[in-house]
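Use these hints to put chain B onto chain A, whose structure you have.
Single-letter residue listing:
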Amino acid sequence: MITQRSLFYWIRHRQRPLQLLILALILVSIGLRVLPLELQKRIINIAIELKQVDLLLLYCGLFLGAVLLASLFKYAINVLQMYVGQKILLEIRESLYAHLLQLPLQFFRRTPQGTVISLLSAELNAVGHFIGGALAVPVTSLLTLLSFAAYMVYLDPLLALISLAIYPLEIVLIPILQRRYNRLNAFRVDTVREMSNVVGEAVGGILEIQGNASFTLEKAKCGRIARHLFGLMNRLFIYKFGTKTLNNLFQNLGPFLLFLLGGYLVIHGRFTLGALVAFLSAYEKVYEPWKELIEYYQDLQDARVRYERVMGYFDEAPEFALFPVGRAPYRLSGRIEVSDLSLTVQDQIQLLDGVSLDLAPGQQLALVGFSGSGKTTLAMLLGQLYSYRRGHIHVDGHELRELTKLDVSRNIGFVAQHPFIFSGTVRDNLLYGCRALAAETAAGGPPPALPDARRLLEMVVAVGLSDDIVRFGLNAVLDRERCEPLRADLLRMRNRLHRQLSEELGQAVEFYNVNRFLEHLRIYDNLFFGDVHDSAWALSNLPHNPAFGDFLKASDLDGPLLDLGRKLAVETVALLGKIGDDAFFFASSPMAPEEFATYARIVRRAGKSGPAALPPADRMQLYLLALRFIPGRHKLATISKPLAAAIVGARQRFVQNVGHLQLRRCQLATEHFLRGEDPGPAEEAGRNRDFSIYCPTEYLYSRSLLDNLVFGTLKAEQDTALGELRERVTKALAENGLLDTVMEIGLDFAVGSKGDRLSGGQRQKIAIARALLKETAVVILDEATASLDNTSQARIQDYIETRLRGRQTVVAVIHRLDTARAYDRILVLRAGRVVEAGTYDNLIERQGSFYDLVRGATT
Amino acid sequence: MTAETHQNRSELAQNMDYLRQLSPFERTPFEIIRLYAYIARRIRFGQGDFIFRQNQQASRAYLILSGSVVLSVEKSGQTLPLQVLGPMGFFGYMSLLACYDWGLNAQATAATETLSLDRESFRKILIRFPDQCIEVVDSLVRLRMQRMHEHMETLIKNIKDPGGLAKLEGGINL
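For the record, the sequence lines run as chains A and B. Note that the first sequence ends on residue 858 in numbering that gives the first Met the number 0; no numbers are left out. Note that the second sequence ends on residue 173 in numbering that gives the first Met the number 0; no numbers are left out.
These aren't lab readings, by the way, just hints derived from the structure by calculation. Careful: at least some of the hints might be erroneous.
[Unchecked claim] In silico contact screen, one side only, chain A against chain B (beta carbon under 10 Å); selected entries:
(1) K566
(2) E570
(3) A573
(4) L574
(5) S588
(6) D788
[Said to hold, decoys possible] Pairs of lysine-lysine, DSBU-like flavour, derived with a Cα cap of 30 Å:
(7) B:K123 - A:K566
(8) B:K123 - A:K714
(9) A:K577 - B:K123
(10) B:K123 - A:K753
(11) B:K74 - B:K156
(12) A:K730 - A:K714
(13) A:K566 - A:K640
(14) A:K753 - A:K404
(15) A:K220 - A:K239
(16) A:K290 - A:K239
(17) A:K640 - A:K714
(18) A:K566 - A:K714
Ideal Cβ positions, reconstructed from N, Cα and C, are used throughout, including at glycine.
In isolation and in its complexed conformation, chain A is listed as follows (with noise of 0.2 Å):
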């Protein structure tokens, strides 16, 4: 198992040719660094005793070759170590991963999340920094030392011996330091560890803290932690720095040695200048690979200590195997057999006790009893979430604790009470599952095919996702290519809407006209009233282009616009100032909450010196909101009827200006289309892409779905209209066959981190399908409906009840008693055992707890 393996098995196993290398360019590159030393007794003995200006010249070139060469090894040596060290790491990160994925339950409900993605991300950074070294750096210095030890040798056997002479005392001295730093550094990580964890308990907590005011008795709690970190980090760090003043005593012992001794030998004619400049260099060189083996040992140590207490925290064996070994996953039929079974935790608390049922393929079992009475934990078990040791649970005769989780997967469906629902598209969601198993079998065979389109409609259909899925759809903005294929239809579509249903749209859309200011759409598409696809003229980049200042000029706009803009921005401060940054009040304003500082401090400015004597940068800003303001939506300011004459010239004279489009011809398919008559042709794909026009004949890009077919924005305040007109075009879209095309688009929709994006029900819709999806021989469903509204819980339930009776097992934790009357047979449970099974009408009759059950519910 991954978790015990040793930090070195990986160095020793992992990259080798790459290892080797390295380990060649050291080599090399200790030569490199040799030469130079000869080079310098050289200069200064031969060269420069001898006056040879061109031996000076050589040998310095030649030193400055060396020098050269051997950095250009070392950075070779660094990159490659890194890329070593990273490669590795990236192995031991998803095989730890991978093992992590499997562990019990169990783990994870004792383990806070933040420990388990610090574990795995900045505990497994240290000791990646490490393995790159981990062979390269011990053997480089190792060389360099015994390489320059022998440099020295070569030149004077006595000096050298005495310098050296120092050294072995540090091999004695710092390893003991080391290791009683070692000692207290465990310590110090998990008393860092501890402390999170009490603080995080503390902020958790602190209502009950607050309420109880037991201030003294938390901050003693933390108090203590804290000071003993406090000990031990200056303990740590007495003998962290006792370690380096030490070797740096004896680094500086050997010069004084050197200086004292070889000049005497010089004095005394037995030893060359130039041989004692070698020598000091080569001594001082020696430092060096010196200090980096200490380090190294101490950097050995903490990676170890980080390893270790990584891996240990890991270190539990998986519950179930994870794929079958020679054979491929079973085909079960789902015949479940549950004899004696019971479960225990922490030794005392009996889960479930001697339970045992029969279900045979095809049949439906509901669960039911008082809260704590082991449902969930017997669906658990049967989903093979928990694994048990007494008693049995037998599917098609196979023991279930001994199936692969792949068998399981292939076989089991099963829906949590409280579904989770990854980031990425509703598609991905519905399919996340089948996906998994495809990815899982491809080893073991031909995977099961993913299910089609027409499939996950239906099944979106089956369990009440329709109506959410088709408004997804329809609030969907298509891109060109997304769109092109069904243009045409929509088009067409729109005209068709508009015939049938004007006097209701128009009391709930305002439609897209070009001779009028629309109260529904920002100042900005008021303006331009078209897809903008130039950069310069996107609202972002707008202050960047000078263009715009004129175009506003030139439409006397640009005094309007900014006062406009300051009214918002002074009103929304005021309004929102005590509110702080809740995304949700920012709604209803053209400000987005991140922006709320800026604008403080430019309405602070104007208020001083008014807007037209603010710094031009503040004035876009004013201007950038003004354009942002939607008069139908944002309550905080009005557009006057000159204003709104004076923007709607501003726009005819720039739709002509410069958009260079037809006008006119817009102008006259706006009225046929208002008028329920036939617009005209559709605009040819691909003329002046820089600018377009809201034109009846054109598909409008930078609106949705839903806005493209009614042709105009929703009024907001139209709350039953809007209701009523989306089922009016959603019958329409049935009716010309483009609903399914709807709802594809719509399964497209993103749901946001967790699915915050959809609503507890939707969420529950999702996992029910995903699971129903698999068609699994067995359906083990955990209170799945219980946040569903009425209507939907009984459509599953039909959905249940007809099209999975005879087909799939279903073991279903159920809430409301009333379905349980669809169920073939029903199991009471209290405080983990069976009190009662039977059909629904047997237990009322008998008038036991079931009854009781019933009727506690309805009084």
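Just chain B now, with coordinates in the frame of chain A:
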């Protein structure tokens, strides 16, 4: 307020004027009323449209700006009208305080424009400014009790068999 001045005032300012006239908001500080006015939405209903129905989840309070609304209760197939509200009529306000199912129907008897507050926004403001908003909560509850008495009077007047009151299952949930 004339049509002209009406037009030049922002919707926010108009909303504030309307809310100020309601008893629960009489003594609410300016900055809180302004926030309520900001989160309030204008919603229009056609004649005969239901604003909400019995047993639907309650989440919004409504103030009638123009038009009229009838509040009624349905039981065993019978619909009993309890009250007709006109402009400045305020109803559904208990949904600002708690989540429950409507016990009444509210139906527009003419084209009606309302100003509506939702629970989620109301709660967010309450959490931010608890001291200022708790008085609003008190006033809403008092208003509710008063209206409940009015409805009870109406029902009692309409019961043909006063002795049968004791047999009614579970009481009437208004």
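Evaluated hints:
1. K566: 9 Å, holds
2. E570: Since chain B brings a Cβ to about 7 Å from A:E570, closer than 10 Å, the hint holds.
3. A573: Since chain B brings a Cβ to about 8 Å from A:A573, closer than 10 Å, the hint holds.
4. L574: 6 Å, holds
5. S588: 8 Å, holds
6. D788: Holds - the Cβ of A:D788 comes within 10 Å of chain B, reaching about 8 Å at its closest.
7. B:K123 - A:K566: 26 Å, holds
8. B:K123 - A:K714: Status holds; Cα separation ~25 Å.
9. A:K577 - B:K123: It holds: about 12 Å lies between the C-alpha atoms, which stays within 30 Å.
10. B:K123 - A:K753: 23 Å, holds
11. B:K74 - B:K156: Given that 30 Å is the threshold and the Cα spacing comes to 17 Å, the pair holds.
12. A:K730 - A:K714: Status holds; Cα separation ~21 Å.
13. A:K566 - A:K640: 17 Å, holds
14. A:K753 - A:K404: Satisfied, since the Cα-Cα distance of roughly 24 Å is no more than 30 Å.
15. A:K220 - A:K239: Holds, because 29 Å separates the two Cα atoms, which is no more than 30 Å.
16. A:K290 - A:K239: 13 Å, holds
17. A:K640 - A:K714: 20 Å, holds
18. A:K566 - A:K714: This hinted pair holds, its Cα atoms lying about 24 Å apart.
Against the hints set out earlier in the document, no violation occurs for any number.
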